[in-house]
Amino acid sequence: MTEGPTLPQPLAASPQISQWLDFATDGTVALRSGRVELGQGNLTAFVQIAAEELDVAPGRVSIIGADTRSTPNEGFTSGSMSMPVGGQCVRLAASAAREVLLAEAAKLLQRGKEELRMVDGAILAGSVPTDLTLWKLAAKVSLDVDIARHAAPKPPTQRSIVGRSLPRIDLEEKITGAPFVHDLSLEGMLHGRPVHPPTMSARGVTLDMERLGQRPGVMAAIRDGAFVGIIAEREVDAISAARWATGVARWDDDAAFAGDPVEQIAESCEPSEVVHSAGLLDDAQGERVATMVSRPYISHASIGPSCAVAQWTGGRLMLWSHTQGAFPLRDALAMVFDIAPERIDVIHMPGAGCYGHNGADDVALDAALMARAVPGRPVRVVWSRADEFSCAPLGPAMVTRAEATIDQTATVTSMQVMANSAPHGNRPGRNGAPNLRAAAYLDAPFAVPRSSDVPAASGGGADRNATPLYDIPHQVISKRVVHDLPFRTSSLRALGGYLNVFAIETLMDDLAASRGIDPVEFRLRHLSDPRARDVITATARAANWPGAEQEGVGTGLGFARYKNTAAWCAVIVRVEVSEEVRVTHAWSRIDAGEAINPDGIINQTEGGIIQATSWTLKEALALDGAAVDTAGWEAYPILRFSEVPEIDVQVIDRPEEPMLGCAEAAQGPTAAAIGNAVFRALGVRARDLPLTRDRLVAAMT
Amino acid sequence: MRKRRGAGFDRAVARENSVKKQTTAFELDGEGCEVTCGPDEPLLYVLRNELGRKGVRFGCGEGLCGACMVLVDERPTLSCDTPLWAVAGRRVRTIESHVSDWRLHEIVTALTQAQAGQCGYCLPGIAMRVRALLADSAVASREGIAEALDGNLCRCGTHSRILRAIETAAERIGRAAE
Ligand code: FES
Ligand code: FES
Chain A
0 MTEGPTLPQP LAASPQISQW LDFATDGTVA LRSGRVELGQ GNLTAFVQIA AEELDVAPGR
60 VSIIGADTRS TPNEGFTSGS MSMPVGGQCV RLAASAAREV LLAEAAKLLQ RGKEELRMVD
120 GAILAGSVPT DLTLWKLAAK VSLDVDIARH AAPKPPTQRS IVGRSLPRID LEEKITGAPF
180 VHDLSLEGML HGRPVHPPTM SARGVTLDME RLGQRPGVMA AIRDGAFVGI IAEREVDAIS
240 AARWATGVAR WDDDAAFAGD PVEQIAESCE PSEVVHSAGL LDDAQGERVA TMVSRPYISH
300 ASIGPSCAVA QWTGGRLMLW SHTQGAFPLR DALAMVFDIA PERIDVIHMP GAGCYGHNGA
360 DDVALDAALM ARAVPGRPVR VVWSRADEFS CAPLGPAMVT RAEATIDQTA TVTSMQVMAN
420 SAPHGNRPGR NGAPNLRAAA YLDAPFAVPR SSDVPAASGG GADRNATPLY DIPHQVISKR
480 VVHDLPFRTS SLRALGGYLN VFAIETLMDD LAASRGIDPV EFRLRHLSDP RARDVITATA
540 RAANWPGAEQ EGVGTGLGFA RYKNTAAWCA VIVRVEVSEE VRVTHAWSRI DAGEAINPDG
600 IINQTEGGII QATSWTLKEA LALDGAAVDT AGWEAYPILR FSEVPEIDVQ VIDRPEEPML
660 GCAEAAQGPT AAAIGNAVFR ALGVRARDLP LTRDRLVAAM T
Chain B
0 MRKRRGAGFD RAVARENSVK KQTTAFELDG EGCEVTCGPD EPLLYVLRNE LGRKGVRFGC
60 GEGLCGACMV LVDERPTLSC DTPLWAVAGR RVRTIESHVS DWRLHEIVTA LTQAQAGQCG
120 YCLPGIAMRV RALLADSAVA SREGIAEALD GNLCRCGTHS RILRAIETAA ERIGRAAE
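Sequence order for the protein chains is A and B. For the first sequence, numbering that gives the first Met the number 0 assigns the number 0 to the initial residue and increments by one for each residue that follows. For the second sequence, numbering that gives the first Met the number 0 assigns the number 0 to the initial residue and increments by one for each residue that follows.
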């Protein structure tokens, strides 16, 4: 390999070409990725990358996502790592295949390799056609060879299939077909519904199992600890019985909680940890400006409740799931059932967008528990809407304080950021436990260990984006993971980056305002990173910054580089504030390095802006003691069609730079832009999210 | 002792559904069909499980998200909230009639051309709601489309693309209908 970069981790585990690519069917390249399509379009981008390196039309490449039976193990599809890691694996594997096959062609034709070309799978010598094709060559040589030895990706100037907006390969089927795990219909399939206790600490359940078994159409009712499952031939019967059982069940549980969780997180005395420091705070001169912001627990709130299909046959478990991590889920299930992971197959199938760790893995355990009662028969389990709100992991509540000093020249001399947060890292298998909901209250329960938070190497959890990208000489950045609240939380899109960016960007605007300096100008004075400057200035230009002053109208800017290592993204919004805040326009420029599929990046960024607008303006889960009270959309409004802004997103493409993750980059900047725009419209700061009418009124009085 | 609050309530299955099976006849995507099951069963499950219409999606079961939208006598109808008996003798149309219904076909084409989707789970319901909006007159403003779609939730935030796509579809349908 020429440039010799460090190999992406999945290539260490699956080092050979044949583990990624298969040319067995004439005219078709079968690509196996260990990643999964969650609605973000990554599989389409992988097809482009493979087609590029193999010089075939993208239509010839078929792709499957994670399947423990046949694909490489790429862990979780999370943290916006699909392109920088997953895409890079595909690029190296496909380029290695091209090199090996071309070398074989050179040998057969007795020509120099550099004289040969590939055109849509056909080998040309100079411009003369030969009778060799990729497929004929692949039949002659072994591809059980190391990718690292042969990989030689094309230089940027020779690429023509990547960098273009190939339409999503899966979109039409998602509209008119039946591609979701919810749609699976297997021979002899039964329908199951779980009855979960409202809290993780429930032990026993009081429920007349005999009566439950006699409900109309019920074939079996199982109880294991505080978990109850109902199996029926017909879905409606399973739903009906579960509804009855959910209404009458009572759980033994002493979990109690009172008060405001956000306040308790703010005041927590659990140990904190410095994650980054620079200079010496004592050396920082100037006037102090500080801010403190918060967000409540919020929900992933997928449109389609979580679903899985499980089947036990002769001590083996087959599971169809929309999990983000087929392999980690397999290992977590092996822990629960105390069997070897090799006895479990997990096959990914699409679900509704999850935006992080939602109920997908939990429902997989539910299905496996129920299917165990009916060996040989597949059992399909779908959560109710109430389950999805109250049983899936929550998006953690957080409080971030940020404080700076600014000197006479309007230069920020120091910044301190302290992120207090409920845990972000509780994915299946993490912290040495299954972390699957029902496992916590089975007869033989699995303790829920303390989350050790997402490591800094993965971008951090509570501290994600807590370190500002600005040139500030003295910094102390810390985090405090607050474990002492009874609510089960885990990763939600952008993790701590959403609130930390909101905090830092709120502070930057407050600092600028304290000296009467324009917020864009103020940021540029503190940014030497040219790519950061570019996204900010390009966004400002698109938005015609600063826009005319108007009563009740404001524009605001938010900026961050996601995880400080992924895409740079600036967002400007325009708000109108009357009774409520309405975001009418949003502009964004994003730099994700080499853009494989620019429209895919735009789509993700538009979606990120709309979702973050919804979080910022509307969303909060309601609690009832130690349980989640929110049970339906009535209690959890999200942004609707007539409330979405007009959006203008463009990509700053850098074909010569590495690919960077982008799909979470807009979350923090959007929140910050909205807060800053509201400040400009009203002249007051609302620091506690969501920015509802009540919160604005409170801020004004 | 603790009880589940707001417990998994699917309004449409509140009544017992297995009481007595009965045959119900209606028109489905342009063809006659008969199905034998409980008359109170929600149309959603009948369409998905008895009649193979998997494009009709379960989102909430409470009439609050629009994922399960179908047309009944051309009117937008939430199938999770509609008992089977209510469609006896009526015309039910699902996303699957995109192959025979040219207006729906235009809508699906416009959505794919505009790449107006992320996970796509919400899209069949949205396409059906829009099909009702563009039934006779195809003149629809962005505001009109947005308002019509306010009962349809999309969590991925694909709204602005969907609106753009539907504006295009409305225009094409308008031209074709002239
Ligand atoms: S599933 Fe019918 S409205 Fe949500
Ligand atoms: S595209 Fe995922 S919910 Fe609309």
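Warning: the hint list may mix true and false statements.
[What the hints assert, rightly or not] Now the stretches of chain B that chain A is said to cover, found in silico as 3 or more residues with beta-carbon under 8 Å:
id, region
1, 19-31
2, 48-61
3, 66-80
4, 153-159
These are computed hints drawn from the structure, not numbers from a lab. Beta carbons: idealized from backbone N, C-alpha and C, even for Gly.
The hints, checked one at a time:
Residues of the region 19-31 of chain B lying with their CB closer than 8 Å to a CB of chain A number 0, which falls below the three-residue condition for coverage. Counting residues of the region 48-61 of chain B whose beta carbon lies closer than 8 Å to any beta carbon of chain A gives 9, which reaches the threshold of three, so the coverage claim holds. Under the rule that three or more residues need a Cβ within less than 8 Å of chain A, the assignment of the region 66-80 of chain B is violated, with 1 such residues. Counting residues of the region 153-159 of chain B whose beta carbon lies closer than 8 Å to any beta carbon of chain A gives 7, which reaches the threshold of three, so the coverage claim holds.
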